[in-house]
Amino acid sequence: MRSFSVLRAGSPAQLINQQVAEPGPGQVRIDIRACGLNFADLLMQKGTYQDTPTAPFTLGMEVAGTVNALGAGVSHLKIGDRIALYTGQGGLAEQGVFDADRALPLPDAMSFEHAAAFQIAYGTSHMALDHRARLQPGETLLVTGAAGGVGLTAVEIGKLMGARVIAQARGADKLEIARQSGADILIDADEDLRARLLDLGGVDVVYDAIGGDVFKAAFRAANPEARLLPIGFAGGEVPQIPANHLLVKNLTVIGFYIGGYLKFRPEVIRDSFQTLLDWYQQGRLHPHVSHLLPLERAAEGLELLRSRTATGKVVITP
1 MRSFSVLRAG SPAQLINQQV AEPGPGQVRI DIRACGLNFA DLLMQKGTYQ
51 DTPTAPFTLG MEVAGTVNAL GAGVSHLKIG DRIALYTGQG GLAEQGVFDA
101 DRALPLPDAM SFEHAAAFQI AYGTSHMALD HRARLQPGET LLVTGAAGGV
151 GLTAVEIGKL MGARVIAQAR GADKLEIARQ SGADILIDAD EDLRARLLDL
201 GGVDVVYDAI GGDVFKAAFR AANPEARLLP IGFAGGEVPQ IPANHLLVKN
251 LTVIGFYIGG YLKFRPEVIR DSFQTLLDWY QQGRLHPHVS HLLPLERAAE
301 GLELLRSRTA TGKVVITP
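If you use the UniProt record's numbering, the sequence shown corresponds to residues 1 to 318, in order.
Treat the hints as calculated values from the structure; they're not laboratory data. Note that beta-carbon positions come from the ideal geometry of N, C-alpha and C, so glycine has one too. Any given hint might turn out to be false.
With beta-carbon atoms standing in for the labels, derived distance ranges [to be verified]:
#: 1; residue 1: D101; residue 2: Q281; range: 21 to 31 Å
#: 2; residue 1: Q281; residue 2: N250; range: 38 to 48 Å
#: 3; residue 1: P25; residue 2: K249; range: 51 to 61 Å
#: 4; residue 1: R2; residue 2: A243; range: 47 to 57 Å
#: 5; residue 1: G80; residue 2: A195; range: 52 to 62 Å
Could you put together the complete structure from these sequences and hints?
In C-alpha cells:
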C-alpha cells in the first residue's frame, strides 16, 4: 500500500510503498477513505510536536474509512462498518491498523470527508469552550484565526452555546466564511485588535490559535474574570504571559491539548464527540472543507496549512 511517511527524524514526509499490517489483539484495520490534515502534522515533520512519534512513522491524525479486518477480542465492530478514529498518526495511507476502542461509528448521513474533518477541530473547540472555559450564554467570545481549521469550529460552537462571537481573520473572503459560520462581529487582522475589542466592551473568553502579538492584544482587552485559551501558535511566537497582570483583572489562562485526554480522561473525548455527532445529525454543525486532495498531493495539502491559504479543513482522500 502507499503511505505518506516520515522516514528520518526532522525530514519531510514522502510517498512510499509499504507492507499492509495485520491487526493485533484489540485492533482494527480499515480501508482509509479520508484523512484530515492538521497543523500538528507540520510540526511532526520537523520533530517539534509534543507527541512526535519515533521515525519512521506515517502522518495523519484523524481518519475515516471502512473496517476490513478485526483483531482478536474485537466484538463491537464488524467487517464493513463505517468508522472514524482519532489516531494521532497513520492516517495518510491507503490502509491503517488502529486501536479498536478509539473507533467512532459514523451516522449514515455523514460523509467520510466530513468525518475526517470533524474530530480534532470540533473536538478541540467543544472541549476547550465547554469543558475547560465553561463558556456561558451571553458572554463575548473572541476567536482568532477564525477561518482556520479549529477557528471556524470555535465560531460555530461558540454561537451554538449562546455567546456573542467576535471573529478575527485576514481578508474579506476569510471573514465572510466566519460570518457564515455564525460570527456576530468581524475584525480584519490588519486592524488594531486591542482598540476594536475595547470599543466593543472587551471579551470574556479568548480562543486564540495565532499567538504572538495577537494573543497580547486580546490579553490586554480581556474583561475581569476572563478566560484565555492559547490553542495554537500559527503566527510562530509562543506568547509570554505576565503573571502580575493576571492578578489585576483576576484572569485565568487555561491550558488545553485534546491529545492529552486520550491518556488520562478518554471518556471526556467520547462524551464530547457524541454531543458533536448529535448536533451534526440535527443539522446544527456544517464542516467546512476547502480542499479535497488525493494522497499523492499530501505535501501540497500541508503547504496550504503552512501558508494559511486554506479555510476550514484540508482533507486527503487515499
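These are the hints, each one checked on the structure:
In this structure, D101 and Q281 meet the distance hint of 21 to 31 Å, their C-beta atoms being roughly 23 Å apart. At about 40 Å, the beta-carbon gap between Q281 and N250 stays in the expected band of 38 to 48 Å. Checked against the given bound of 51 to 61 Å, the beta carbons of P25 and K249, roughly 52 Å apart, stay inside it. One distance hint, 47 to 57 Å for the beta-carbon pair R2 and A243, holds here, with the actual separation near 49 Å.
Checked against the given bound of 52 to 62 Å, the beta carbons of G80 and A195, roughly 57 Å apart, stay inside it.
No hint from the list above goes unmet by this structure.
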